[in-house]
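Visitor: If you want the building blocks of each chain, they are given just below.
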Amino acid sequence: MTQMTFARAINSGLRRSLDNDPKVLLMGEDIGTLGGVFRVTDGLQKDFGKHRVVDTPLAESGIVGTAVGLAYRGYRPVVEIQFDGFVYPAFDQIVSQVAKMHYRSRGAVKMPITIRIPFGGGIGSPEHHSESPEAYFAHTAGLRVVTPASPQDAHTMIQQAISCDDPVVFFEPKRRYHDKGEVDESLDPNSATPMGQARVVTDGSDVTLVAYGPLVKTARDAATAAADEGVSVEVIDLRSLAPVDFATVEASVRKTGRLVITHEAGQSGGLGAEVAASITERCFYHLEAAPVRITGFDVPYPYSKVEMHHLPNLDRILDGVDRALGRPNSLSGLEG
Amino acid sequence: MVTDDAGQGGTAAGQDNNAGHQGGAGHNMVQLITPAGERVSHPEYDPWVRDVSDEQLCSLYEDLVVIRRIDKEATALQRQGELGLWPPLLGQEASQVGSVRSLRDDDFIFPSYRENGVAYCRGVDLADILRVWRGAASGGWDPYAVNMAIPQIVIGAQTLHATGYAMGIQNDGADSAAIVYFGDGATSEGDVNEAMVFAASFQVPLVFFCQNNHWAISEPVRLQSHTQLVDRGAGFGIPSMRVDGNDVLAVMAATRVALDRARRGGGPTFIEAVTYRMGPHTTADDPTRYRDPNELEDWAAKDPIGRVHALLDRKGLFTAEFEAGVRTKADAVARELRAGCVGMPDPEPLDVFKHVYSTPNSWLDRQQDHYSRYLASFGDPAGATQEKGAR
Ligand SMILES: Cc1ncc(C[n+]2csc(CCOP(=O)(O)OP(=O)(O)O)c2C)c(N)n1
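Residue numbers (this note's numbering), protein chains in the order written: chain A, 1 to 336; chain B, 1001 to 1391.
Because the hints were derived from the structure by calculation, they are not lab data.
Treat each hint with caution, since some may be false.
Claimed, not checked - One side only, chain B facing chain A, incomplete, derived with CB under 8 angstroms:
{"no.": "1", "residue": "Leu-1085"}
{"no.": "2", "residue": "Ile-1155"}
{"no.": "3", "residue": "Tyr-1374"}
In this text, a Cβ means the ideal position worked out from N, Cα and C, and glycines have one as well.
Could you build all of it, start to finish, from the sequences and the hints given here?
Guide: Set out below in structure tokens:
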């Protein structure tokens, strides 16, 4: 076990994948000499060379489109999109090409492409640097969409993503890049929790609180605060956003009877809507209250002076927990 | 005088020569003022700046100095925590001044994020220039008040907007033009290439103004292009010029040529202004990780301000009185900039919901209503205590 930051844990996972499989290669803007703007690829070009860790021209459609060709040729490209807001020039290649190639070729062409995207807010960046576009990708059949919430998960999940034969959109919660945690670098990714499986991170009995990526830490903090108020919150880290591991969420909700879902992305058409609807279908007779969503608002990601109002925080989540429990909350007395 | 690549090469020990790696037709680079401050003649471009009087030359010098001062002050404000981020334009002053000072008020500008010198010359309010970088707005000014679009962060996207705007000018039968600023890295983006296709197809009145500052964050220009950037225009059928971007007069001449062509229905022009980003990419960047310090030294010798200074000196115009006047102006602008920044009121919490749609939207109104009730539950409607764990 080693203490390391989230960013370092991904770096170490990338290194292991590069070491283990000569077909793995990294591509992206500034990932070589600079080591990426977040230093996630720091030192990798030096050790693996310019053909395995490739600084690309500034062209996101180019980066992903050429990865498709490399995959055709048997490579396993890992591409970095520098920031969430810059993935859209590549959106066409991802949803029209990467996602559909296996289906269209009747399984003949594999697309083992990993698309790394630092995502989410809370770091005071200018516009286009703090978005949560996960729902666009989760909505696209053929893509797997995952996001780790701890350094250990970051380390194993990046390796699992790279060895997965399907394309994986790998969202990295950028405001957690500097968070530290214990990482067992020798852990075999094959024996670790599978990439597609949700995890109960805090046991509880009164309310199920579902989070992923950057908000898992906030959700845990909320659970600790709720415990002080006598409420037992079970926190689930979704880990995989497509497909969602509903079985784990369902088992929890059958136990607690109440569901709160939180994410930074806007509410409408977000992952929260999917989880609420699916769990309602599966657990209707076990639910004591309507599922509650605590999310960002349906606004473009706001400028940094007000972003803290947009982002769900501990208090907003606790308010949502109160709502699910029918305790006094900010919306008490309101209907609908 | 025409300088070849070797004369401008920016080569440094241990560093590949960017120009050398960019083969291609080898466009000559237009230069009217040498780094030593000598005014050299160029038969083709001289006529375009013949009217620039001594007084105007002095005024251009003042622009360069004031803009450098703005940049320095903003960088300091960022270091002091007053700005979240700042993209310095240190070294690119002449490219910006020479081009923007060639425009008419009814010409429309589409900038990237680094054209703060352009914004200053265009008359954008100083506080408005900083608004975005302070994190207090998404766009700092009213584009129609100054005929300049708000800053663009998504690389290259504005080139298409400029092309569309120019199509509009053409449809309207107006004789104004549009100009779009972008970097060397941006030329790799699909949008920029599509913009050139559209602009050429419809022969729109547009100036593509590429500031080749040699770096796209850590990536040298040779990674973006195997030819000189100026050669890109030819492939699209767009007439192109390569100018010394640190020479304010040369930039002015080239921009005037392009604008004249645009106004006369001659279609788009591509200008590659060869300059250098002397500072970091942004205040969050550390160029020592990827850049040879000798390269910076080479370019410092070609400084855009130094050479106008030397030229004015040769002409006997750089008097103590003139120098003091410029310094007073720069000081005043810096003071105003700082005051505008520090005195900028913070936005209100519910501003988050403003301007998403042009008319009320019941969907969002509900979210806003719920959030105001939430804020009110703290007994503080302004939400001032809205801190983690405040309840
Ligand atoms: C579509 C897109 N991809 C990536 C980025 C991140 N990014 C911001 S500036 C930059 C480099 C731009 O270089 P260049 O076009 O040469 O302009 P310069 O910053 O040097 O003025 C990059 C990669 C972005 N803003 N937009």
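Visitor: For every hint, state whether the structure bears it out.
Guide: Going through the hints against the structure:
1. Leu-1085: OK, holds: B:Leu-1085 within 8 angstroms of chain A, min 6 angstroms.
2. Ile-1155: It holds, given that the least Cβ distance between B:Ile-1155 and chain A is near 6 angstroms, below 8 angstroms.
3. Tyr-1374: Constraint on B:Tyr-1374 satisfied, holds at 4 angstroms.
Checked against the numbered hints given earlier, this structure breaks none of them.
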